[in-house]
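Spelled out from the first residue to the last, the chains are:
Number of protein chains: 2
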Amino acid sequence: MGKNLTSRTEDYSKWYNELVVKADLAENSGVRGCMVIKPYGFAIWEKMQAGLDKMFKDTGHQNAYFPLFIPKSYLSKEASHVEGFAKECAVVTHYRLKNAEDGSGIVVDEDAKLEEELIVRPTSETIIWDTYRKWIQSYRDLPLLLNQWANVVRWEMRTRLFLRTAEFLWQEGHTAHATREEAVKEAELILDVYATFAEQHMAVPVVRGLKTESERFAGAEETYCIEALMQDGKALQAGTSHFLGQNFAKAFDVKFATKEGKQEHVWATSWGVSTRLMGALIMTHSDDNGLVLPPKLAPIQVVIVPIYKGMEQLAAIAEKVNPLVKQLQLKGISVKFDDRDTHKPGFKFNEYELKGVPIRLAIGQRDLENGTVEVARRDTLEKESVSFDAVIEKIETLLVAIQDNIFNKAQTYRDANITNVDSYEEFKKVLNEMGGFIAAHWDGTAATEDKIKEETKATIRCIPLNVEKEEGKCMVTGASSPYRVLFAKAY
Amino acid sequence: MGKNLTSRTEDYSKWYNELVVKADLAENSGVRGCMVIKPYGFAIWEKMQAGLDKMFKDTGHQNAYFPLFIPKSYLSKEASHVEGFAKECAVVTHYRLKNAEDGSGIVVDEDAKLEEELIVRPTSETIIWDTYRKWIQSYRDLPLLLNQWANVVRWEMRTRLFLRTAEFLWQEGHTAHATREEAVKEAELILDVYATFAEQHMAVPVVRGLKTESERFAGAEETYCIEALMQDGKALQAGTSHFLGQNFAKAFDVKFATKEGKQEHVWATSWGVSTRLMGALIMTHSDDNGLVLPPKLAPIQVVIVPIYKGMEQLAAIAEKVNPLVKQLQLKGISVKFDDRDTHKPGFKFNEYELKGVPIRLAIGQRDLENGTVEVARRDTLEKESVSFDAVIEKIETLLVAIQDNIFNKAQTYRDANITNVDSYEEFKKVLNEMGGFIAAHWDGTAATEDKIKEETKATIRCIPLNVEKEEGKCMVTGASSPYRVLFAKAY
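Residue numbers (the numbering used here), protein chains in the order written: chain Z, 202 to 692; chain U, 202 to 692.
Isolated chain Z (complex conformation) (with noise of 0.2 Å):
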């Protein structure tokens, strides 16, 4: 297999596509928007969601399942809400189709239409909001602490694998909390967990922020994120969570009984991650090669092909390398020995390095007289000879130093890639030149922020959770400012 890639630095764009499709990761459906996420992709896809599941779990957190429908009726009920989403969802309006009278084929049956209109949920806050009512009615019920893992559907027109497709799979928390002071600690929480998530587990490093006014999620109050950097200088959000205040409480009519006796409105968050992950792990690590991939989600963390001539061959080095196998899934290592006589060893390399797989063993005669095996390593290309009895130690070691080496290295990158900018003429000429994080001073002011977007493209990522303060005059009005916010082109 040829591996055929556009190289990063002749189209970005280009290579990541043709990398998702040819690493077998998800490739476009008949059905516009919408892809299929291929079994190797998805394989990426239940390590991250295993992982997260786990984190909310350890948190308090349990699973649960509401309607894929949503009545038109209760989108309206929250004003902001209904705003940010009727102009891209998908509308359920007939249940039933016939055979058409004129015999021309199949047909949406008139007679089965819906007195009101249903939506593919693109996210679930009214549905989910409308049932808490039944549920909450003391201080006794809550916390409420619920997340369900689902597909959701907001029609984009111009869609992008993983990054932007009308149908996408996501988790979404929703919380229920007595006091404005404990959901904001627990959309901070949730904020930490998805940082953790990606730092440890995705390698991504992240920023963590608040969002600007005009970057909030449609009717909430405030709404935290991280922010990666890919290798084209743009901006990627990874994960947000949102304190809803007590907008859905009001919208639904969910109030609570305080120990006092007290009826109030109860307190709210929502939080979500989704399949866009996918796209922030592939372009943050992957290269001109290939995927690759951080050893704690690569669903083969070990390939063996067998260097051989002849059965005989073959079979001398299987009777060595199966022992190694049961060995290494008992550590839980995932491993694979490709002993396909169909196949090339050259033609293995390609396809490995182009899936990520972390490390690559290769053993041949010659390693079989020597005691020896060939360990390649993904990250960095790297190979060398172990004795064969060191191997095990040695694939644990380098595993870890994978995941280490590429986590560092895209923190190397992106710290490269913040710069600080006192004037919009250095801003432009930063934003064109290099791209990246640019930290400047903002007035704070919606007119300046879109100002700023339309003759750049250029956004408000986030304003830092650890920012320092420091007196400044926004670069654009040079009204007052008490600390840069970071903007960036974003995907």
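Careful: at least some of the hints might be erroneous.
Because identical chains share one entry, a pair is satisfied inside a single copy or across any pair of copies.
[What the hints assert, rightly or not] Capping the alpha-carbon separation at 30 Å, the derived lysine-lysine pairs in DSS-like fashion look like this:
(1) 255 / 527
(2) 630 / 690
(3) 549 / 610
(4) 314 / 299
(5) 278 / 463
(6) 314 / 629
(7) 314 / 584
(8) 223 / 610
(9) 258 / 248
(10) 497 / 299
(11) 223 / 451
(12) 258 / 497
No lab work stands behind these hints, which were simulated from the structure alone.
We have chain Z; now place chain U onto it with these hints.
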């Protein structure tokens, strides 16, 4: 919490509906026919998913994900398939809402009408086989063994929680093979996976069989099924595995080059189980006190209830109990120490009985003095005092014993409710007086099958795979029949 459950003998159907809601498994939502699966119910479903998913992977299957939407034209490509699903499908016709010009609220935007309507998947054969056409060229690409966990929608008019809902969760396997024999073998392998899961995880005994032509899946050449018997004498189809022949390969033009270089159509199977299994689980084991759960699927396997007066006694109990909790967790046993001081022990006992927790420990002041603990099992409601030092061993033994006992009980009931009958009169008598499976001779025609269904509401549940040859005469027409088939009224 009083349980106040309607008893099974009083009204089985009402008992079921109440139990599902009171045990916090699921409830109806504001969307017609769609349910909310509550956290406790979802935790059971997650355990089912995990068990099945492991079995699928152990037999060589991988997960993937295909689009929620199916273009109307796809559904029409396989004639009997569209016939089976067109009458009950949710149709997406528009992709945007807007504010009504007369200010009356939010309405469908007629300018955003889809060129081709999209069907919310009732099952995914069509969209998947449209994709397989791109993936399969050669015998080297076969077999293709995929599964997806997904939501599907079938617009049912009369719905019941878990048993029949407009939206439900399921897994659907879709495999592609080079030969008829291999595809048939796959369909049979999966039937075996389903039966093993039902019997060994759910403790639900099942009959493995084949559907008659009238009861086959729309588009299948052969439908294998597992059939369980509920406590009210009605059968429940718990899973189906279909041999699809080359029907979908022909409809979607999926061919492969054989080793000899010939172009042939691919052979297919599909198979699924759904949240309906929750209904089977509930109705097989539960009693008038509430749920009875098999230990292998219980979200909480052991609950510990302290009996105390005052915080000092509670502290002494907690000191004794906390190390026990840790030890049980290390053994992979899920345990909950319910030290809430807002509820009395009697309330808690009722609650965990209702929720079917297999083992309940109670520990009070006297137990502390005597070094004992009270152990109660949910299935038999037996209680005994056990030495604290022996309690872990006791729990391990009991978890196995309970799993076995409820399976044996269900099997004894099932076996006692299979009746051989030789006349249509006797058939109707047994059907009305005791229900259950009725083994009778049938002439093999759809006409007779229809007549029986119309007159008695009983259907042929299956031709058991292990059926014994026995020459006989159809109970209705007197025509010759080579073996007995199983009839029942069914969910």
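Taking the numbered hints from earlier one at a time, note which ones the structure violates and give those numbers from smallest to largest. 6, 7, 10
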